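Same order as they appear, the protein sequences are chains A and B. All the letters of the first sequence, read from the start, carry residue numbers 42 to 348 under the working numbering. All the letters of the second sequence, read from the start, carry residue numbers 419 to 966 under the working numbering.
Careful, some of the hints might be misleading.
Some, not all, of what chain B presents toward chain A, calculated at C-beta under 7 Å [claimed, not checked]:
no. : residue
1   : Thr-479
2   : Thr-483
3   : Ser-564
4   : Asn-573
5   : Thr-638
6   : Thr-678
7   : Ser-682
8   : Arg-744
9   : Leu-877
One side of the interface only, derived from the structure: several residues of chain B facing chain A at Cβ under 10 Å [stated by the list, open to error]:
no. : residue
10  : Asp-480
11  : Glu-570
12  : Ala-646
13  : Glu-675
14  : Glu-684
15  : Gly-686
16  : Met-841
17  : Ile-843
18  : Ala-849
19  : Glu-853
20  : Phe-878
21  : Arg-883
Since the hints were derived computationally from the structure, they do not count as laboratory data. The structure presented is a predicted model; accordingly, all values stated were derived computationally and were not measured. By construction, the Cβ of each residue, glycine as well, lies at the ideal position given by its N, Cα and C atoms.
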Amino acid sequence: MARYIINRLFQAVIVLIGVSIAVAAMTEFVPGDPALAILGENASPDAIAALREEMGFDDPFWVQYGRFIERLLTEGSLGTSLRTNREVLVEIGDRLPYTLMLTFGAVGLSTVLGITSGILAAVRRGKPTDMAVLVGTTAGLSVPSFWVALLMIWFFSIRLGWLPVAGAGTWQHLVLPTLTLALPSIATKSRLTRSAMLEALGQDYIRTGRAKGLRERRVILVHALRNALLPVMTIVGLQFGALLGGAFITEVIFGWPGVGQLAVNSILQRDFPVVQGTVLLVTVGFVLTNLIVDILYAWADPRIHYA
Amino acid sequence: MLADLEHRRLGRRDFVQRAGALGLSARATAMLLGTAGVAVPASVMAAAQEQGGTMRFAVTTDPETLDPQVTTNSAAYTVFDMIYSTLIYQDLDLTFQGLLAESWEISDDNLNVTFHLREGITFHDGSPFTADSVRYTFERLQESGSRSPIYEEINKITAMEVVDDRTITLTFSEPSATFMNAISNGYGGILSESAVAEAGDEFGRVASGTNAWTLEDWQTGSLVTLHAFEEFNAAPGYYENRGRPYIDSIEYKVIPEAFTQVASLETGEIDAIELTATDVPRFENDDRFQIFTSRTTGINNLGLNPTRPLTSDVNVRRAIAHAIDRDEIVNTLFEGGLAEPVYTALPPSIQGYSAEIEEMAPHFDLEEAERLLAEAGWERGDDDVLVKDGEQLAPVLYTTTSTANGQIATLVQAQLRKVGIDMTIEQMEIAALLEFAITGEHDIILLGYNWNEPDALYLFLSSDRLESSNQARYSNPEFDELVRQGQRTLDHEERMAIYYDAQKILIEDMPWVPLYMPITKTAVASRIQGVDIFPTGGLLLNDAWVAD
């Protein structure tokens, strides 16, 4: 097991190097000159040329990449923001707690509601409950999240006045963005749980369990669910990894000060070091959560062994 | 009503509210109070304008920094402009008046300016404001302010002599007519040397100026809170209250999305926003809000690139100017009066605007457009598109991805189609577009500018700026000479005559087809009383108070 983990971590480093090269190349290929973007509409040609040189963007990208790696290894720094002149790690660090709050909230809520509704739909297959879940999940999957966000603002904030529209600081601020992020993935998880449960419930060991006189509750929640949860776990892991990099649209709509909002701003303003930092963060998030999911697989499914 | 006030049966606040109901602006009301010749007793004033409360604004991004010398970020400007004050300010009539400076003299050769500074002003960190503060501020800008929009202007200073604590003389390499404007905006905010030294690298995350508001708290990406500066005593002359603001604190919430900003205004989470066309009617008819109108110091225009084959012929450029119906653009796309048609490069909101030039400039006239195109040798061919030497008159217009620009481009496309010009539209994200524009591979570019000085002509149309802000790629030595001369001419009349001549060249060469001057309507919650707006934008808050 330990060897497996070390192996996977080694692979993770290779992925990170690949991604960091791709992101460094971005400064070369993405249109839009950071110097021009920073200096604004009335900058003089001299000022633009001077800033370009100061920022080193005239150098070929492998020279820039070399600088990036050197700084990372010697100073443990991802560079400084072209805009605020603060360390990229500090910029991300300021936002990460908010993104984590949203990530745990959305993943937690969607996992609980998704699995519960999925089990209910599977157990009551073909009954009104199943139909209701089907309709709900279809809606959840097909309605775009920005639209849900706007609708919820209109209903809960403007009409009812229950929840604040934008910002952060109180638990009320967390409700709408969490719901917006959770809704589509409740649907995914619910459907996945339902089909996996149905498959599991049709297996021989379930019939054996029932024949042995186990209570139905135990058959469903212990024997069937443990096997049905494997694919759901993968989805939870992926979603967690993706959300760590910030929920771009949701954070922007609700003015939530997380990594997603930082990333969107940095892309628009060509603040490449910060873009690089947030992309690397997403990558690390993905790689780590995938690793954790794989390890959990071994725990949940005794048939899987890691050499 | 005035009689009521004389008998002191009405508090000032009641008066202002009633005046508001009669449709008088706060400024008109203030004038009325003045003409009534009534000294409003301090007790009445205090009853009406109690200290306290919070006013909340939205900004679309987190301020990049609150160091006024190293950024052009608009959220940053909005906030640091409240914290730092300048030597001089621009009055409502656009003339310059003393703020931290009491007065100034300009030497006969126009190369020296001596500022006499006000006494008794302290920075937020408690250090005194002196001539050394001015010297330090400008020296720091020269040294490390290359990102500041006024960097070039400050670099015209070749020597600074601190005569005494209250007097400083600046010497210039050449006379500068734009210097006063440069140091009157927030980028010229005076810094406290001790505060900068103490903050070190953290300066910009902390701030200390002499203006009415101190930085209290900054939650990255979310909220900046300012508090009234108790010792504040240097408000511009257009305020009645020259001391500490009545409002206790101001919050700037970071809300990037326009819809969310509007929703936040409706729920009362913020107190003011600039309205978009679709929201104007709704808020104008809602008595929970007051609407303030201001003009933009700039225009949106079509840049016709004279270096491209299709737009190199001046007759084609003039024909395009005649084919565009500005009234149609303004009436269909800017409901609620959010734009005014313009025909000159300098709109009425900027000094140097000339009604005479406007009269002479090409107006909407389809027949004249067709005549000019025929004169240039273009004839209708297939699909009614103009053809000359086997080539169709089919230019490409580039603009940003904004919805408004997309709509304007589409309307321009339809208008040009009527005279046989088959224009296509390319939309690019703004940063990509600005970089692309420097290559000069566009026939037409739809963009706008915002600059409160006739020097805008130099910045956006002189050949010195071909590698940056002159996106129309216009180059005319005669014009260049005039706008450079405009920068050096301090005499107002003489200077305005220069810009008259420069604009006369423009309406002949037609590198720009001016389309409209944007108008801003700002909705402010009624609970905030006594607010007014600067004619070219910016809420005036020192007389304002929270009325709930």
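For this session: Identify whether the interface hint at Thr-678/B stands, where standing means a beta carbon of chain A within less than 7 Å of its own.
Result: Since the shortest Cβ distance to chain A is 5 Å, the answer is holds.
Exercise. Should the interface hint for Glu-675/B be scored as holding, given a Cβ-Cβ cut-off of 10 Å against chain A?
Worked result: 5 Å, holds
For this session: Identify whether the interface hint at Gly-686/B stands, where standing means a beta carbon of chain A within less than 10 Å of its own.
Result: Interface hint status for Gly-686/B: holds (9 Å vs cutoff 10 Å).
Problem set entry | Ala-849/B as chain A interface residue, shortest Cβ-Cβ below 10 Å | With a minimum Cβ separation of about 3 Å from chain A (threshold 10 Å), the hint on Ala-849/B holds.
For this session: With chain A as the partner, please determine if Ser-682/B meets the hint condition of a C-beta pair closer than 7 Å.
Result: Check passed: Cβ of Ser-682/B comes within 5 Å of chain A, closer than 7 Å.
Problem set entry | Hint status (Cβ of Glu-570/B to nearest Cβ of chain A, threshold 10 Å) | 6 Å, holds
Exercise. Given Glu-853/B was flagged as interface, is its beta-carbon under 10 Å from a beta-carbon of chain A?
Worked result: 4 Å, holds
Problem set entry | Given hint Asp-480/B near chain A, where the shortest CB pair must fall under 10 Å | 8 Å, holds
Problem set entry | Minimum beta-carbon distance criterion (7 Å), Thr-638/B to chain A | 4 Å, holds
Problem set entry | Interface hint for Ala-646/B, Cβ within 10 Å of any Cβ on chain A | Hint on Ala-646/B: violated, closest Cβ of chain A at ~22 Å, above 10 Å.
For this session: Mind checking the CB of Phe-878/B against every CB in chain A and telling me if the closest is under 10 Å?
Result: Cβ of Phe-878/B sits 7 Å from chain A, so the hint holds.
Problem set entry | Hint status (Cβ of Glu-684/B to nearest Cβ of chain A, threshold 10 Å) | 5 Å, holds
Against the hints set out earlier in the document, violations occur for numbers 4, 8, 12, 16, 17.
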